[in-house]
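Undergrad: Sequence:
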Amino acid sequence: MALFNSLLKKQNSNNQAALDNSAFYSYPSNEVKEVSQFEVQKYYQPPVVRQRKQFQVQDGYSQRPMDEFIEEFNVPVNNPYQHINQEAIPIQSTSMGYVNGNQFQVNNNYMIQQEQYLSRDNQMQVGQIAPTNEIPAAIAHEIRSEKLKQFIIFVLSFSGAITSTLFLMSYYNEELMGISKNSVLHPILSIPILLISTMFILLTISDSTLLSRSMTKYRSDLANGIDSVPYFLTKNYKNFTRRGVYVNWMSFSVYIVGVILLLIFYGLQAQYNSGQKSFYIFFWRVAELKSLVSEIVMTTIVLVGALIVHITHIVWTKSRKNNIIGYYGHEIVHPAELAQIKKTANIKCAIITFIVLAILLFVLFIPWLIIRKKGGKPVMPIGRI
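Using this note's numbering, read the sequence shown as starting at 5 and increasing by one per residue.
In case anyone wonders, no lab produced these hints; they're calculated from the structure. Any given hint might turn out to be false.
To be verified - Label pairs and their in silico Cβ distance ranges:
no.	residue 1	residue 2	range
1	Gly333	Ser163	37 to 45 Å
2	Gly330	Ser224	23 to 31 Å
3	Arg217	Leu365	43 to 51 Å
Claimed, not checked - Derived EDC-like pairs (lysine to aspartate or glutamate); straight-line CA-CA distance at most 16 Å:
no.	residue 1	residue 2
4	Lys242	Glu335
5	Lys239	Glu335
6	Lys239	Glu341
7	Lys322	Glu150
8	Lys242	Glu138
9	Lys153	Asp211
10	Lys239	Glu150
11	Lys242	Asp211
12	Lys242	Asp225
13	Lys322	Glu335
14	Lys151	Asp211
15	Lys325	Glu335
16	Lys325	Glu150
17	Lys242	Glu150
18	Lys221	Asp231
19	Lys221	Glu341
No residue lacks a Cβ here, since even glycine has one placed at the ideal position from N, Cα and C.
The task is simple: from the sequences and hints, build the whole structure.
TA: Dropping the structure here:
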């Protein structure tokens with residue numbers, strides 16, 4: 005009996021020791037006890053390393069450089085380490101097709117912000133805001149700038165269409181307008197001006213309609229608490245790059261062609277002042293010469309206007325891009341897409357320029373060959389070596 009009592013007492017002491025040890029390691033979630041460094045290792049879960057998956061390219065963007073491995077830190081809720089946040093932020097995949105492995109929050113004060121660019125529908129949701137009907141100042145500035153640009157283009161186009169129409173009416177019917185056709189622009193210049201002005205009028209009306217619909221959508225998003233990038237802003241940001249390339253090519257083309265035409269007009273005006281009234285191209289009599297003062301003045305105005313428009317466009321575009329980047333904190337279009345837009349625009353302009361130059365050289369080269377052939381000269385001016 006004494007032996008049985010001693011064994012029972014020993015068993016009870018072992019059970020009490022086991023309970024003490026289990027109580028030490030299992031405590032409520034709202035209570036944190038200090039443990040030794042050796043015992044802490046029982047709670048620490050080492051990082052789980054996995055192979056990064058390869059993602060396909062989406063939305064036309066080039067794939068970002070990726071590390072070979074990423075780590076997922078599994079921090080338990082009952083964490084004895086108080087300097088590590090108890091909530092681990094999961095890895096998030098973005099619409100860009102890559103995983104940002106830095107989406108972890110430590111001590112509630114560090115977060116690497118993932119880059120935000122447009123998704124496939126060009127409507128990137130920046131964040132949730134309080135519902136409001138007030139448009140942000142930066143976006144309102146862009147709206148005013150866009151309306152001012154459309155108004156200026158419409159006024160200039162409408163003025164050019166009216167002026168070229170009056171020139172054509174005066175040239176073909178002097179009695180109707182009471183203006184001599186010698187004092188107005190020749191149809192070879194007034195007709196292209198009329199066509200280009202009409203085209204810009206139609207484009208301005210289309211852009212104005214797009215702006216109105218985009219603002220209706222943007223106001224609706226703000227009323228629902230969604231701060232999104234308006235479609236017209238995305239479209240304009242892409243056009244800043246595209247239009248910059250076009251303006252550069254067109255400006256330099258206008259400079260070259262304008263200077264050449266100005267020299268030709270001055271030469272023909274000097275011929276007209278000397279008394280020679282016939283105008284010849286090689287051996288063809290084309291027309292009777294008239295005073296070219298109006299053509300000289302118009303060409304000079306076009307050259308000066310092109311220079312003013314070129315400089316104004318550079319300054320205005322830079323200012324508007326800085327305003328958008330300053331509001332959102334980043335470019336709203338991916339740099340890779342902007343580079344592709346710039347490359348495509350340069351290729352188009354180069355092809356058009358080379359085709360026009362080839363046509364002009366062909367038109368001038370054929371009559372030159374005919375003249376040499378009729379004069380009994382060899383076709384090629386350089387003989388065989």
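Undergrad: So which of those numbered hints doesn't the model satisfy?
TA: 8, 12, 19
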